[in-house]
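Each of the two chains sits in its own frame; use the hints to bring them together as a complex.
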Amino acid sequence: MQLFFEQLVNGWALGSLYALFGIGFGLVFATLGILNAAHGAYASWAAIIGYYAVTSLGLPLPLALLAGVLGGGAIAIIVDQVAFQPLRAVGAGMLGALITSIAFWIILDSLAGFATKQQSLAFPPSSYPYNMVDFGVIRVPAMQIITIITLILVTTGMWILIARTRVGAAMRAVGWNATAAGLGGVNARMVILLTAFLAGATSGLAGVLGGIATNNVSYTLGEALLLKGFAAVVVGGYDDVRGTAIAGICLGIIEVFVAQYISTSFRDGFTYILLLTFLVARPRGLFGSISVQRA
Amino acid sequence: MNHVTIRSLAAAGLLAGAIAAPTLAAAQSLDKGVYEVGFITEKTGPLAAAGISYWHGAELALEEINSASLLGDGIALELVEKESGSDAARAVQALTQFAADRDIKVATCCILSPVAGALKPVAKSMGIPLIIYGATRPGLPELPYVSSVVALPGPAEVKMTQTLADTLKPKKVTYFVNADNDAFQARFKAAQKVMEDNGIETGEVISILANDTDFTGPATQAMATNPDLIMVWTTQTPAVGIVSALRQRGYEGDISSSDVISPVAVFEKAGQAIEGVPFPILFSPSLSKDPRAQAFIDAYNKKYGQQPDTYSAQGYTVMYYLAQALGTLSGNPSREEIAEALAAVKEIKDNIYGGLPMIDGQATVENSLIVNWSGDGTLVPWEAK
Chain A
1 MQLFFEQLVN
11 GWALGSLYAL
21 FGIGFGLVFA
31 TLGILNAAHG
41 AYASWAAIIG
51 YYAVTSLGLP
61 LPLALLAGVL
71 GGGAIAIIVD
81 QVAFQPLRAV
91 GAGMLGALIT
101 SIAFWIILDS
111 LAGFATKQQS
121 LAFPPSSYPY
131 NMVDFGVIRV
141 PAMQIITIIT
151 LILVTTGMWI
161 LIARTRVGAA
171 MRAVGWNATA
181 AGLGGVNARM
191 VILLTAFLAG
201 ATSGLAGVLG
211 GIATNNVSYT
221 LGEALLLKGF
231 AAVVVGGYDD
241 VRGTAIAGIC
251 LGIIEVFVAQ
261 YISTSFRDGF
271 TYILLLTFLV
281 ARPRGLFGSI
291 SVQRA
Chain B
1001 MNHVTIRSLA
1011 AAGLLAGAIA
1021 APTLAAAQSL
1031 DKGVYEVGFI
1041 TEKTGPLAAA
1051 GISYWHGAEL
1061 ALEEINSASL
1071 LGDGIALELV
1081 EKESGSDAAR
1091 AVQALTQFAA
1101 DRDIKVATCC
1111 ILSPVAGALK
1121 PVAKSMGIPL
1131 IIYGATRPGL
1141 PELPYVSSVV
1151 ALPGPAEVKM
1161 TQTLADTLKP
1171 KKVTYFVNAD
1181 NDAFQARFKA
1191 AQKVMEDNGI
1201 ETGEVISILA
1211 NDTDFTGPAT
1221 QAMATNPDLI
1231 MVWTTQTPAV
1241 GIVSALRQRG
1251 YEGDISSSDV
1261 ISPVAVFEKA
1271 GQAIEGVPFP
1281 ILFSPSLSKD
1291 PRAQAFIDAY
1301 NKKYGQQPDT
1311 YSAQGYTVMY
1321 YLAQALGTLS
1331 GNPSREEIAE
1341 ALAAVKEIKD
1351 NIYGGLPMID
1361 GQATVENSLI
1371 VNWSGDGTLV
1381 PWEAK
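From first to last, the protein sequence lines stand for chains A and B.
Residue numbers for the first sequence follow my numbering, so the first one is 1 and each next one is one higher.
Residue numbers for the second sequence follow my numbering, so the first one is 1001 and each next one is one higher.
The hints are simulated quantities; they were obtained by calculation from the structure and are not laboratory data.
The model shown is predicted, which means the values in this text are computed figures rather than measured ones.
Even for Gly, the Cβ is constructed at its ideal location relative to N, Cα and C.
Warning: the hint list may mix true and false statements.
Here are the computed distance ranges between Cβ atoms for each label pair [what the hints assert, rightly or not]:
(1) I262/A - P1138/B: 26 to 36 Å
(2) D1298/B - Y130/A: 34 to 44 Å
(3) S110/A - G1331/B: 55 to 65 Å
(4) E1204/B - M1/A: 17 to 27 Å
(5) T1364/B - S110/A: 34 to 44 Å
(6) G1355/B - S263/A: 58 to 68 Å
(7) Y130/A - E1204/B: 46 to 56 Å
(8) Y130/A - A1384/B: 18 to 28 Å
(9) A89/A - E1275/B: 26 to 36 Å
(10) F135/A - D1166/B: 31 to 41 Å
(11) I273/A - G1355/B: 49 to 59 Å
(12) A180/A - E1268/B: 50 to 60 Å
(13) E1275/B - F4/A: 23 to 33 Å
(14) Y130/A - K1193/B: 48 to 58 Å
Bound-form chain B, shown alone (with noise of 0.2 Å):
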């Protein structure tokens, strides 16, 4: 392998300055080489359909960023991957690999919040770079080695419960939540609040397991409240099975979710029963008409052979936010180096979102969407019936 090697900095630069790219406005002159990323994967266990999303995302990007050369001729970015299969002990003895590994610059991580925050003091002791990739809980970037790509989704949530509380104007909500997952349970509470500001009484408040598999029970308990609407915050798959068993049992009130129903598996596999549940999204590919969103779409289906969803968006993300950190750097930058680069970012140009602002190292996104699976498998803006 080509790692990185001393060139002339005065032929970098040249070199620099004659192929960079329009998005990455910054004279870089890095080494030339091979520069290792570090991705602890989750293809395998119980987030996989998400894991393996996340990780096209980014394999395109790189792609596209060694291509186009980005960085600069004789530049590349090359992933290095661990499974962690979204275990926490799997995830910190994959960083700590890494962090041991001096060709690995940075590393980039984590769907899930609890695995995230178990990585966040190992990569702040270790001296290595961690970008988030998936992880939602507030609080988790903390400049200058950590920091996050993924919106947290906790302004497009109380937006869409405001606009379910004045659409469907409901009396009553009965809520399911994670009880192992402190992030649901956060983004619960916020929902909560936002409807018993508005007056809408609490059904009741059905706590679940990450592991659970039969819901007919907590469906059953859920119905039995009379709610005029129910509201799923949990993780994928108590969320399609709550979902399926509300629909199975005959419940015929309306249901809402978090984007953990957005990925076209979820509809393939729960089909009809999550149709119609109002879900709110960062990114659709059915409804993005940013045309760098529709190019990343062209790519990734052209890759893939399917339709990108929010956790490709977010993998794919994660490579243009590094690659423009490394543009502002020279020579051959220690891991400190990178991540203060990473901090200094304030806004990630290249970018499919229309816009996507670094307050304090974390991504924020202003323009959320509301949609719904509709019969034919297409995301489509959501509407009271």
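With the rest of the complex left out, here is chain A (with noise of 0.2 Å):
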């Protein structure tokens, strides 16, 4: 049974990076329609950011975090201005803002890709909590709950936010209709940099804890999360974090369990499997609702 309770925790905690990462995702679809394939990236440069945090600055795990955190949330707002604004402001469609994501996303994984000289960079241990904390039957990594408990506040908060606040309410409002949204008084122009703000951020969090739990800070961090964050979003439903944040968990636990108990060749699979079952049969996710718009 220890392993298997080892095992548990340990997809939690992976999962808990899948659902951090799809929060974000999953926000600027819901609110701005955007399908983002850039989104990994602002992972990446937020881990990139962290550890250059560390190791040139010298700064602590925390503030590392936060100029990660703000990293990815400072470059999806330029992304969104940059790439998005215009084809917004023309009512360019959902497939040119994906097509201009693209681009973006292959700009700056080259950017990222320079940034790391094409290396795959790890955090100094003796920057982050490098040890097991016991729990009697179990022992786990301290950035494991670390990780956990991140998810648990994020989500928490992210919930408040959309659901209980006005700025939420706002957000929610754009999501359905920005002109309308506009003409009921709601500042359309900052709901969208808040969300994207909010959505590099999360991003950004996912991709700064994702460094140091795996050992990799490079270009293609962003790349492991992307389609395991879709996925999430997609079983979860795209306008509901609860929902992305359980579907992101059960996704890490599933991809571990079938890695130990089935075999690593079909752990990717069942992967894909939920995701296609899900887009088949219950294409709203666990927690989406039936209105929300579709690719």
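Right under this line is the structure:
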């Protein structure tokens, strides 16, 4: 049973990264109507910024995390304003935004490759909690606990923001109809900027935590999160962060358990099967509302 | 660019006789000019750290060959690079482009065996000599068009595995292996056979994929088998991730790996996690005492401000292998003639390994070392704790 529980926590922590990443991904889709392929690059860049904040500036982990999160948010705003705002202005559809986001994905990934000298870097072990925490039956790396708690806090905070605040109401209104929201007194431009920032910041948080947890800070980091984050959003539902969080965790646990008890060869296959099943049988996901427009 | 031009054979012969270096004993009389070598680089992508080392090694050797006029006065080699990012499709495209360019006399490529395997039929069908600088799957060379300067790791790894079996006397060994890399599958199977021939039980074989980044689950899985030794037969990034995850989870038993963890960049990344992990190596700047190797190390240090690694040594060897073959030719040789000349090389004379026989187009190194990273970032001979 010890192995079962240790793998359960491994999967939970891994899934928490997918979920963190997916929350921002879903937020942009639900509010701005953009399927943003460049979203993974925000995670890569946040991890790179966090890494250099630690190794070059000697900042402690909380400040490095903050730097990565702010960096991810800032890049997301820049991409939104440079790439998507002009398309929004001319009323271009989702396909145009998707194609543009793919172009920015390639550009940002290439620049990330230069920033890391095309190498896979790693946070120095002295820069983050490296120890194991003893729970009696099992021992868990401290970073896994931090990742799990972070997801709980972010999910709760984001859900309260979206469902219980005026800002959240404005975001939902813009997501429903930006013109109507504007006529109702909502500053759609500010809401769009805030949404882009929040999406980049949560993706950045996943990037820094993932970079630490996997000893891999490189341009490939975001790519690895992109598909799984997308799957978490599809399975959980685009417009409910709780669904994304639960689906992300489930994906992580399934992934680890399939590798442990069945075979590594089938691991990603299960993710794809789950993704396809939801796309066909329940396209709005676990928690998504029926009215969400789909690609 | 001053490409090969027709010159008097007699004049070239006289010049070559006067200038040729001792290491290129055969009297050569190549036409004067620049001979282009297509180099399919892997300076981006998952193996970029190693790819840059291969390139640096080749670049240094080329400078030495040209500045010493090893091929004769007025004869120079030039590297023309095309990047593949370790992607087979891009590598094939690069080789196809090289083949279409008649100024490119020979091409060199590939760290990954599947990529080299994809290029092999292209090289043969298009008639362009291909020298493999990194891939290690047995059977890749096929004379006259495909040869390899990379000694197969098999013998050195079998030797290391036997040493580990003799000194550590493990009762149970658990293995990590790339499910998507047949070369590492073969290397793992060879090691497993040695262990099982010594009566050592296999705890579990844990398959991972080259693009995996999270190894907490596989590390937990391995530790749950209570092994006395964990052998990691994977490509570089997973190997570092696996060893780091095992150490972070508190595994204090023995771990071994392969030469994928030999570059300095890997130690800089993984640090203490890979300290003391044994692996076999054919060349080490801190342990190689051969004067020719020392000259290479000094020159590399001077040019790049860092120690060479086993990969830069292989890139370096490619150019001397090619120079040796070209030194036996005259005039403006065709690709076919160059391929035949490469196939005729039975030993790379100017090498840093203390001997480098070529058997059926495959380099062979008999002297291997078992080393590990020490705390101060140097490679030291491995000793059982």
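For each hint, the structure was consulted:
1. For I262/A paired with P1138/B, a C-beta distance near 31 Å keeps the hint of 26 to 36 Å intact.
2. Remark: the range hint 34 to 44 Å for D1298/B to Y130/A is upheld by a beta-carbon distance near 38 Å.
3. The hinted range of 55 to 65 Å is not satisfied by S110/A and G1331/B, whose Cβ atoms lie roughly 44 Å apart.
4. In this structure, E1204/B and M1/A meet the distance hint of 17 to 27 Å, their C-beta atoms being roughly 18 Å apart.
5. Restraint check, T1364/B to S110/A: a C-beta distance of roughly 40 Å satisfies the suggested window 34 to 44 Å.
6. Separation of G1355/B from S263/A is about 44 Å and departs from the stated range, judged on CB atoms against 58 to 68 Å.
7. Distance hint check for Y130/A and E1204/B: the Cβ-Cβ separation is about 26 Å, which falls outside the suggested range of 46 to 56 Å.
8. Range check, Y130/A to A1384/B: about 27 Å between beta-carbon atoms, so the 18 to 28 Å window is met.
9. Distance hint for A89/A and E1275/B: a CB-CB separation of about 57 Å, inconsistent with the stated range 26 to 36 Å.
10. Take F135/A and D1166/B: their Cβ atoms lie about 40 Å apart, and the range 31 to 41 Å holds.
11. The beta-carbon spacing between I273/A and G1355/B, approximately 54 Å, falls within the hinted interval of 49 to 59 Å.
12. Distance hint check for A180/A and E1268/B: the Cβ-Cβ separation is about 56 Å, which falls inside the suggested range of 50 to 60 Å.
13. At about 32 Å, the CB distance of E1275/B to F4/A agrees with the hint of 23 to 33 Å.
14. Taking the beta carbon of each, Y130/A and K1193/B are about 37 Å apart, not inside 48 to 58 Å as hinted.
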